[in-house]
Amino acid sequence: MSRPRSQAEYLARLVPPSVAGLNRRSLLAGAAGAGALLGTGLLAGCGSDSDSGAGSKTVSVGSNASDPTPKDVLAKLASGFQSKSGVTVNINTVDHNTFQENINNYLQGKPDDVFTWFAGYRMRFFAAKGLAGDVSDVWGKLSGFSDAFKKASTGDDGKQYFVPASYYPWAVFYRKSVWQQRGYQVPKTLDEFNRLGAQMKKDGLNPIAFADKDGWPAMGTFDILNLRINGYQFHVDLMAGKEAWTSDKVKKVFDTWAGLLPLHQPDALGRTWQEAAQSLQQKKSGMYLLGLFVAQQFNENEQDDIDFFTFPEIDSTIGAKALDAPIDGYMMARKPKSEANAKKLLEYIGGVDAANVMVKGDPGTLVANSGGDTSGYTALKKKAAELVGSATEIAQFLDRDTRPDFASTVMIPALQQFIKDPKDISGLLTSIENQKKSIFTS
Amino acid sequence: MSDLPLVQADRAVPPPAATTATRGRGRRLRLLSGTDRVVITLMVLVPLLLVVALVWLPALATVALSGTNWDGIGPLADIDWVGLKNYDDVVNIYPPFGPAIQNNLLWLAALFVVATPFGMFLAVLLDKELRGGRFYQTALYLPVVLSLALIGFVWQLIYSRDQGLLNALLGTQTDWYGDPNVNIWAVLFAAGWRHVGYIMLLYLAGLKGVDPSLREAAAVDGSSEVSTFFRVVFPVLRPINIIVLVVTVIESLRAFDLVWVINKGRNGLELISALVTANVVGEASRIGFGSALATIMLVVSLVFITLYLFTVMREDRR
Chain A
1 MSRPRSQAEY LARLVPPSVA GLNRRSLLAG AAGAGALLGT GLLAGCGSDS DSGAGSKTVS
61 VGSNASDPTP KDVLAKLASG FQSKSGVTVN INTVDHNTFQ ENINNYLQGK PDDVFTWFAG
121 YRMRFFAAKG LAGDVSDVWG KLSGFSDAFK KASTGDDGKQ YFVPASYYPW AVFYRKSVWQ
181 QRGYQVPKTL DEFNRLGAQM KKDGLNPIAF ADKDGWPAMG TFDILNLRIN GYQFHVDLMA
241 GKEAWTSDKV KKVFDTWAGL LPLHQPDALG RTWQEAAQSL QQKKSGMYLL GLFVAQQFNE
301 NEQDDIDFFT FPEIDSTIGA KALDAPIDGY MMARKPKSEA NAKKLLEYIG GVDAANVMVK
361 GDPGTLVANS GGDTSGYTAL KKKAAELVGS ATEIAQFLDR DTRPDFASTV MIPALQQFIK
421 DPKDISGLLT SIENQKKSIF TS
Chain B
1 MSDLPLVQAD RAVPPPAATT ATRGRGRRLR LLSGTDRVVI TLMVLVPLLL VVALVWLPAL
61 ATVALSGTNW DGIGPLADID WVGLKNYDDV VNIYPPFGPA IQNNLLWLAA LFVVATPFGM
121 FLAVLLDKEL RGGRFYQTAL YLPVVLSLAL IGFVWQLIYS RDQGLLNALL GTQTDWYGDP
181 NVNIWAVLFA AGWRHVGYIM LLYLAGLKGV DPSLREAAAV DGSSEVSTFF RVVFPVLRPI
241 NIIVLVVTVI ESLRAFDLVW VINKGRNGLE LISALVTANV VGEASRIGFG SALATIMLVV
301 SLVFITLYLF TVMREDRR
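Those sequence lines, one after another, are chains A and B.
The first sequence begins at 1 in full-length UniProt numbering and counts up one residue at a time.
The second sequence begins at 1 in full-length UniProt numbering and counts up one residue at a time.
Just so you know, the hints here were simulated from the structure itself, not pulled from any lab data.
For each residue, glycine too, the CB sits at the ideal point set by N, CA and C.
Among the hints, a few may not be true.
[What the hints assert, rightly or not] Listed next, the in silico DSBU-like pairs over lysine-lysine satisfying Cα-Cα at most 35 angstroms (straight line):
| no. | chain 1 | residue 1 | chain 2 | residue 2 |
| --- | --- | --- | --- | --- |
| 1 | A | LYS423 | B | LYS85 |
| 2 | B | LYS85 | A | LYS420 |
| 3 | A | LYS110 | B | LYS208 |
| 4 | A | LYS251 | B | LYS85 |
| 5 | B | LYS85 | A | LYS129 |
| 6 | B | LYS85 | A | LYS437 |
| 7 | A | LYS71 | A | LYS176 |
| 8 | A | LYS176 | A | LYS202 |
| 9 | B | LYS208 | A | LYS252 |
| 10 | B | LYS85 | A | LYS242 |
| 11 | A | LYS249 | B | LYS85 |
[Said to hold, decoys possible] Beta-carbon label-pair distances, calculated as ranges:
| no. | chain 1 | residue 1 | chain 2 | residue 2 | range |
| --- | --- | --- | --- | --- | --- |
| 12 | B | VAL51 | A | LYS159 | 48 to 58 angstroms |
| 13 | A | LYS159 | B | VAL46 | 30 to 40 angstroms |
| 14 | A | GLN108 | B | VAL51 | 23 to 33 angstroms |
| 15 | A | LYS84 | B | VAL51 | 21 to 31 angstroms |
| 16 | A | ASP191 | B | LEU298 | 18 to 28 angstroms |
| 17 | A | GLN282 | B | TRP185 | 23 to 33 angstroms |
| 18 | B | ASP80 | A | GLY204 | 55 to 65 angstroms |
| 19 | B | ASP78 | A | ASP156 | 18 to 28 angstroms |
| 20 | B | VAL51 | A | LYS129 | 33 to 43 angstroms |
| 21 | A | ASP191 | B | TRP185 | 41 to 51 angstroms |
| 22 | A | GLN282 | B | LEU165 | 14 to 24 angstroms |
Starting from the given sequences, assemble the full structure and let the hints guide the process.
Shown next, in the form of structure tokens:
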């Protein structure tokens, strides 16, 4: 589950898959039927294609970019690549949500040569299962990516399986005008943060806008507290199932969170992130920890009034340099019909020309390649890019850094349970640990 | 002897004729032509194959998969058999399971005790041919035409804590969908809103079919409106009552869309169907675990199916 980037996408995911049409079962049935009918013929076709791969003139892209803007950007990238290399790009666009839900079947069937996906455990998981192609040699030709991006594109075996395209950082957002009027200062430590919250409460504001009806926004709060209290490596190990949820380290994260909860907007479980963002926009809330996409909920003329700071330091030995900044990008199928063309395309997508196309085409995201011409960025986006550029480590968000089954079936209900009743932390952690053991060992 | 009920041969032919095999065969040839036999065989075989392939095999596969830890990736040969571990996990370490069972039962009770009698009451009122009756009828039936997913959207606009109609009208700040003590009732209200219209229509159709002379006779005997309904009309509606009962049980077992649209069946709105979906569909892909939940749901459904069949068959025998 990624965070929805637009209202259309958000609405699209409200529709249950049974209503939205294509679901896993029908896909399975279809795949089985098609496989039985065409299996041998198709497989033979694949074989001969990859033999003559260097000579073929097409490459296919499986895309989850079903919204107009990203779809348009990808079309522009495809035509840019075509005019440069003479290779035709066939784009198969699938509804964003459907694409994600069917990724297992898609990758085991006949995936496109190149497909859109996300960095983090989600990428490493499919790489480890042998469902993705090694693109290390493409990385040898890429430039303009920080080490953090390369780390986020690397599988468990040390090879690269992913080419980043865009990303968006998580930070604490606020309205400049409100802060100027009240004379608030950006907090540097947890104490200052608490004091600021108390002051806001006194001034009749919700200190921290908060929503968790959809289940994922609270993951951002957990992540940042965990990163500040226990550091990046612990985050990675905890997400990989190597650390115990019942440890004192995790307990401290929840204790700290419980201390901050009174500063959060009440009744978060019935509110969507859009509604919480609107309370910030309407100057009823003082700040909001969310991804950069929060800016969508502000009017055009208010964009310059949005500012942010990274979540303050809690432990001075850990610092405040790590953050969540989920990266979207592209991967290669394990056996592309034309490996040479697929790699050529990935090299183009990771290059400066493509970065410039993305900067111009999509005002909603930051471009991963630092070589891109970012003069078109708003002040907010420039600052966001600087923030990520100065980050020592970039986490991918809880649901992208751990097993998807654990994130959605265990962590979402558990975090909601915590928000509902923050008192029984050790009971909650025992429950998470029991479920984690069962899932990670199966 | 699959042709027996179709032609009722035991009445057409004296019983002794059926005792010897040769004569029996001759009799059947006389009653059914070759074409008939082909048609009957096809009519039995084709639906049978469809039911086996689309209902029984998937159901059995679900039961079989519930004993594995399959994640949907890799060949079937790689599946590990884990026995009853999934069931153990469901009952012992899966927190949403208890609330889900509870909510499913609550759903059944609410539809059965509140929504169904209310729908019947409205049907009786509308049957009186009030002025503008058709208008009320249409208004009450309208929700049934909408899909539950759409109903979910409509009620979100009403129930939203910060921007919803209800809180704006009442001047309250109730978290209708977020507070786990409140949201199940809020959702049940929305589900009942739809169910009432459905039940109303079924009863209305039934009431139109009641022989007016029965009511007249009751009126002549000096029976009041209320006792006429309960002692004369209601017993006549027996077939409708059974349909309504079945519809209500089915509706409450398959309840899903509404809670899924609202919050994917979490935080107070757990239902077995939503848990199955959350585990099986999508990237989560805990197919073994989800199958265990689905099997439990199958068993619960079987209880009601058995009860229903038992009642209907006893009915037939009478």
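Results of checking the hints against the structure:
1. LYS423/A to LYS85/B: With Cα atoms ~30 angstroms apart, LYS423/A and LYS85/B stay inside 35 angstroms; holds.
2. LYS85/B to LYS420/A: holds, 30 angstroms
3. LYS110/A to LYS208/B: At roughly 58 angstroms apart (the allowed maximum being 35 angstroms), LYS208/B and LYS110/A break the hint.
4. LYS251/A to LYS85/B: It holds: about 28 angstroms lies between the C-alpha atoms, which stays within 35 angstroms.
5. LYS85/B to LYS129/A: With a Cα-Cα distance of about 24 angstroms, the restraint between LYS85/B and LYS129/A holds, given a limit of 35 angstroms.
6. LYS85/B to LYS437/A: holds, 12 angstroms
7. LYS71/A to LYS176/A: Satisfied, since the Cα-Cα distance of roughly 33 angstroms is no more than 35 angstroms.
8. LYS176/A to LYS202/A: holds, 19 angstroms
9. LYS208/B to LYS252/A: violated, 68 angstroms
10. LYS85/B to LYS242/A: holds, 22 angstroms
11. LYS249/A to LYS85/B: Status holds; Cα separation ~30 angstroms.
12. VAL51/B to LYS159/A: 48 to 58 angstroms: holds, 50 angstroms
13. LYS159/A to VAL46/B: 30 to 40 angstroms: With Cβ atoms ~53 angstroms apart, the hint is violated.
14. GLN108/A to VAL51/B: 23 to 33 angstroms: Because 29 angstroms falls inside the window, the suggested range holds.
15. LYS84/A to VAL51/B: 21 to 31 angstroms: violated, 57 angstroms
16. ASP191/A to LEU298/B: 18 to 28 angstroms: violated, 56 angstroms
17. GLN282/A to TRP185/B: 23 to 33 angstroms: holds, 30 angstroms
18. ASP80/B to GLY204/A: 55 to 65 angstroms: holds, 58 angstroms
19. ASP78/B to ASP156/A: 18 to 28 angstroms: holds, 19 angstroms
20. VAL51/B to LYS129/A: 33 to 43 angstroms: holds, 36 angstroms
21. ASP191/A to TRP185/B: 41 to 51 angstroms: Holds: the Cβ-Cβ distance is about 42 angstroms, inside 41 to 51 angstroms.
22. GLN282/A to LEU165/B: 14 to 24 angstroms: holds, 18 angstroms
Consistency note: the structure conflicts with the earlier hints numbered 3, 9, 13, 15, 16.
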